[in-house]
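Participant: Protein chains in written order, with this note's numbering: chain A, 1 to 370; chain B, 1001 to 1529.
Hints listed in this document are in silico derivations from the structure and should not be mistaken for laboratory results.
Note that the structure is predicted; figures quoted are calculated from it, not measured.
Built from N, CA and C at the ideal position, the CB exists for glycine as well.
There's no promise every hint is true.
Claimed, not checked - Each pair of labels, with its calculated beta carbon distance range:
id, chain 1, residue 1, chain 2, residue 2, range
1, B, R1403, A, E240, 27 to 35 Å
2, B, P1119, A, L149, 53 to 61 Å
3, A, G141, B, A1162, 23 to 31 Å
4, A, Q157, B, E1338, 52 to 60 Å
5, B, E1471, A, K139, 53 to 61 Å
6, A, F343, B, R1053, 43 to 51 Å
7, A, E240, B, A1162, 33 to 41 Å
8, B, R1403, A, F343, 50 to 58 Å
9, A, E229, B, G1343, 50 to 58 Å
10, B, G1294, A, D325, 51 to 59 Å
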Amino acid sequence: MIDALRGRLREGSIEFGLSVLVALAALAVASLVVVASGVSPTEGIEALVDGAFGSDLNLAGTLSKMVPLTLVALAWIVVFRAGRFHVGFPGQLLIGSMFVSIVALKISLPGIVHLPLTLAAGALGGALYAGIAAWLWAKRGVNEILSTLLLNLVAVQILAWWVRGPFHDAGSPLPLTEPLPESARWGTILERTQLHWDIVLIPLAVAAVAFLLARTVFGFRIRLVGAGERVARYAGASPERVGASAIVLSGALAGLAGSSLVIAGSTPAMGEDPGFAIGFTGIAVALLARNSPVGAVPAALLFAALTQGGGVMEGTVGISSSLVDFIQGLMIVLVLAATTLLFLARRRRRAGLGPDATRGAGEPAPRAVA
Amino acid sequence: MTNRGAAREELATGTRAAGSRAAADGQAVPALELVGISKAFPGVLANDGVSLRVARGEILGLLGENGAGKTTLMNIVYGLYQPDGGEILVGGERVAIRSPQHAVELGIGMVHQHFMLVPDMTVAENVALSPSRSPGLSRLDDVTRSLEELSSRFGLEVEPTAVVEDLPVGACQRVEIIKLLHRGADLLILDEPTAALTPPEWRELSAFLRSLADRGSSVIFITHKLDELFGVADRCTVLRDGRVVGSVPISETDKPSLARMMVGREITLRVDRPMVEPGEPVLEVDGLTLVEDGRTILEDVDFRVRAGEVFGVAGVGGNGQNELVEVLIGLRSATAGEIRLGGRRLDRLDPSEFVRQGGAVIPEDRQHEGVALELSVLDNLLMREFDRPSFSRWGVIDPDKARGRAERLVAEYDVRTPGVGVPMRQLSGGNQQKAVLARELGRDPRLVIAFQPTRGLDVGAIEFVYRKLNEQKRAGVAILLISFELDEILSMTDRFTVMVGGRFPRVLEADEADPETVGLLMGGEAERA
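Use the sequences and the hints to build the structure in full.
Facilitator: Right, here's the structure in full:
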């Protein structure tokens, strides 16, 4: 029993250590770039850290950016564990925002009801949009990476039309909706900052997803289907049904991320792009977190800090904020490299054990020697 | 000119070169000769001093049941394994075949059961892709021309411009053979060539092999089907338990003799098989038929398994065993026929229904069907039971109850594991199988389907499996044991049949089975048996 725990901890710390190494490596490479552009690395890092945490305003910015990143990361984790990864989070996020604008602007209710309803609308929008890809995969075998990628583009067009057409604020020359009412928006925690109460979604969502995967029958089926299609079928689970449900659930989480971007944003009106790119960055967060729901929080913090600090850094020391994109991209590459190396190392280690593990194809099974 | 070059020249010109090298005793040098080949793997002696000889222009059949050592031997010839002892002579010269690439250079080619062709390219393109003896890439025009030449000479009937994925299986096999010929192979090894062919396709292939042999190529094909030998082979070498039992020209033998050689052992009565008075039939199968893509995979299968009885299905793999299990447990729907478990009809495509009616299955492929390697031991043990009220309420699993059950099963079935929380992949094959047994038998089923339950296990684990199955038998459980190991069938079952070509030709009492009958049945000779 203790051994099992120790084993679990060891595997967990390997994963964690790996993520830390990747982050450090990316930052190290980034410092080289900083030096190359004529700024001392310490000055650059100082500017970055200050921009992310240096003042109330900056800290608020970092924390608020964490919310949609964490939610998208959780969405990826759910669907990844089921073996069904897709890249539709940006589109689901946008359609979620669209549904949010409907409920926020077309219904008049007291805040205590209006806000939860708006959140539910966001989740519903994302779930429905993901449902398209889920159905296409389950019933027609359409590759979900392709379908969601294309659906993302469609969502962009839908939202562009949405804020210029049916929901356009007639009084504004810009492609914006009317300002969303206070009753449908999160309240701010710190006055005149970006920090809103939607931050409570982070612990709630992480706990919910972690609980779902570890302690529920549905979560078990997700993991079972992700572990192997054939063994899942033998155990009576339908990979199609469970996989499609996982995709829809991930859509709901992405839609919820979209809601945060709209009703916890700096402006009350919704534009045509509440945060398309976050749908992809969230995947990077999940990868850095090695697909652990709890690990998504520090990973999201890191990415949020980089984005927030990068913006400020541009102003103070003149390093382009695209350095941040570079660092984030580098981290994805390094995580994938590390994952591959770990996999190969494990396989080589396993090849050292018994005849069972090394028997190649076509070799007869060992029979009892009389 | 080397012997290899001479062979190639013959193939190209269709004539025998004047003055083939002759050995000192005046006989022609054999294309391949194996002397005293031995190969051992941990726990088993796969080849034990095997000697055989293949002459030029001869078709040799290598006959034996599962585990006789045929595939290992051919893998040695093809350079996949190194023998522990013995000699290999190719064209009279001693060689050590280091790798498949080396084997190809020596003119040896092997056609495996799984084709290695690019589906959306043409035949000519596929042949051009495979490495040939001449350096540099093969020009597509040259390949097409040589294909047309080979085609007309050997009566190939394969269009160089045909796209592979449109070709029937028989044609694909011919393309694989052509690839080998293009590489200059003059010794062809075919592993169970009829596994995926229809009878007319086999007739075409055997005619083709015959014409190859007439031109000087040598062919070895591995088989367990007596029919194939008598259609096309010149000689037959029979392997059993890693040793050569006999080597005879086909013209001097008959099917019953070969059958006896293939199987012949003292079929002894194993006293420790529990004698249980069988009860009512638990599993009843009537007229089960499965036809897919024009191929008949299961044909009119009828049998009963009674409570407290072990009913065996013997036979070589690939005769419909996998499909039969899939149909029985609800993973595949049959074309016709009826299955009744405990009196209730099973006709829904639903593995849960099979389990609900008291069925349990120990699958053949432990790693992909039996266990989920990435999940924990606990997850694996309870995977079918999580939604039972004893382990979950409102969809939430009770971790203590689940752990308690898992630990009880681990103790009862002697699963060696550091804990129930570790991933299944950390356990050895034997312990993984014990976990599968724990999961399936621990549910107190009324029917257990055990498909190759001792595959890949060491002696201790095998004994454990047999003991547990016999326990179930004594408790009145019906057991359907499907196995490719005849010994297992003979020692564990009360009655058994031999599955050939998707059919159950006869049911034999285990105590009354004789080698000739069993051998004939396995060799596909149901009428003669």
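Participant: Range hint 52 to 60 Å: satisfied by the CB atoms of A/Q157 and B/E1338?
Facilitator: Holds, at about 55 Å.
Participant: When you take the CB atoms of A/F343 and B/R1053, is the distance between them in 43 to 51 Å?
Facilitator: Between A/F343 and B/R1053, where Cβ atoms are some 46 Å apart, the hint holds.
Participant: Are B/P1119 and A/L149 spaced within 53 to 61 Å by their CB atoms?
Facilitator: violated (25 Å)
Participant: Honestly, do B/R1403 and A/F343 meet the 50 to 58 Å range at C-beta?
Facilitator: Hint violated: Cβ distance 29 Å, outside 50 to 58 Å.
Participant: Is the distance from the Cβ of B/E1471 to the Cβ of A/K139 consistent with 53 to 61 Å?
Facilitator: Violated - the Cβ-Cβ distance for B/E1471 and A/K139, about 45 Å, lies outside 53 to 61 Å.
Participant: At the C-beta level, are B/R1403 and A/E240 separated by a distance inside 27 to 35 Å?
Facilitator: holds (31 Å)
Participant: That 33 to 41 Å hint for A/E240 and B/A1162 (C-beta), does it hold up?
Facilitator: Holds - the Cβ-Cβ distance for A/E240 and B/A1162, about 35 Å, lies within 33 to 41 Å.
Participant: Between B/G1294 and A/D325, is the Cβ distance one that fits in 51 to 59 Å?
Facilitator: holds (56 Å)
Participant: At the C-beta level, are A/G141 and B/A1162 separated by a distance inside 23 to 31 Å?
Facilitator: holds (27 Å)
Participant: For the range 50 to 58 Å, tell me whether the beta carbons of A/E229 and B/G1343 fit it or not.
Facilitator: Roughly 32 Å apart at Cβ, these two residues miss the hinted range, so it is violated.
Hint check: violations occur at hints 2, 5, 8, 9; the rest are consistent with the structure.
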